[in-house]
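Enquirer: Sequence:
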Amino acid sequence: MTQEHALKIFKSLSDMSRLRIVQSLTQGEMYTELLAERLELTPSTVSFHMKKLEEAGLVISRKEQYYTVYSLNRELLKASLLEVAASESEQIDEQQKREETYRQKVIDTFFEYGKLKSIPVQRKKKRICYELIAGQFVPGKVYSEKELNEIIVQFHEDYCTIRRDMISEGILSRNGNKYMLGNDVVRE
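Each residue of the sequence shown is one higher than the one before, counting from 1 in our numbering.
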């Protein structure tokens, strides 16, 4: 069960009439008119609430001659609150897709033929560009300032600004004139 589905279930049960309908259905299958009579509601009100319960998957309907017979989806109701709380969000995948699309758009905008056309002003875009450049560095390897500059200049001639920005962003760490990826301690 996803968090979105769990939310639909909780929303559908947040109404007293729907709770009473679910309670009545625990006794067995019923049709709209019988539920309306038992709960002292109009059949149209019961139909409205049944639609909400069906959308959440709590209730199953089937046609029997002229009537629609409703029953509880007992398998769904057997799920514990712990299972619901541990459910994954579908939005996480969507968010990751949006972020990757944005990242690719930034790269396409600021890079041409493997060169950085201009240094972005916006911090988020700048970081994406710098992370792409950082992909050229070997993790754990200590670079001299000259080695570092030679790699950065392949992307943009303003290697001093890029180097300084990468250090301030935490992409590179520095000790004297020794540089390393990330926040690793640079030892001489």
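If you are wondering where the hints come from, they were derived from the structure by calculation, not from laboratory data. Hints should not be assumed to be uniformly reliable.
Unchecked claim - Pairs of lysine-lysine residues, derived as DSSO-like cross-links and limited to a Cα-Cα distance of at most 27 Å, are as follows:
1) K115 with K52
2) K52 with K11
3) K141 with K115
4) K8 with K63
5) K78 with K105
6) K105 with K126
7) K97 with K117
8) K51 with K63
9) K117 with K78
As the list claims (entries may be wrong) - With beta-carbon atoms standing in for the labels, derived distance ranges:
10) S61 with Y102: 41 to 51 Å
11) Q96 with D15: 45 to 55 Å
12) T161 with K8: 16 to 26 Å
13) G114 with P139: 18 to 28 Å
14) Q65 with S44: 12 to 22 Å
Where is the CB? At the ideal position from N, CA and C, for every residue including glycine.
Enquirer: All hints are to be evaluated individually against the structure, with a verdict given for each.
Expert: Here is how each hint holds up against the structure:
| no. | hint | result |
| --- | --- | --- |
| 1 | K115 with K52 | violated (55 Å) |
| 2 | K52 with K11 | holds (9 Å) |
| 3 | K141 with K115 | holds (24 Å) |
| 4 | K8 with K63 | holds (24 Å) |
| 5 | K78 with K105 | violated (45 Å) |
| 6 | K105 with K126 | holds (13 Å) |
| 7 | K97 with K117 | holds (25 Å) |
| 8 | K51 with K63 | holds (14 Å) |
| 9 | K117 with K78 | violated (58 Å) |
| 10 | S61 with Y102: 41 to 51 Å | holds (43 Å) |
| 11 | Q96 with D15: 45 to 55 Å | violated (34 Å) |
| 12 | T161 with K8: 16 to 26 Å | violated (50 Å) |
| 13 | G114 with P139: 18 to 28 Å | holds (21 Å) |
| 14 | Q65 with S44: 12 to 22 Å | holds (20 Å) |
Of the numbered hints listed earlier, those contradicted by the structure are 1, 5, 9, 11 and 12.
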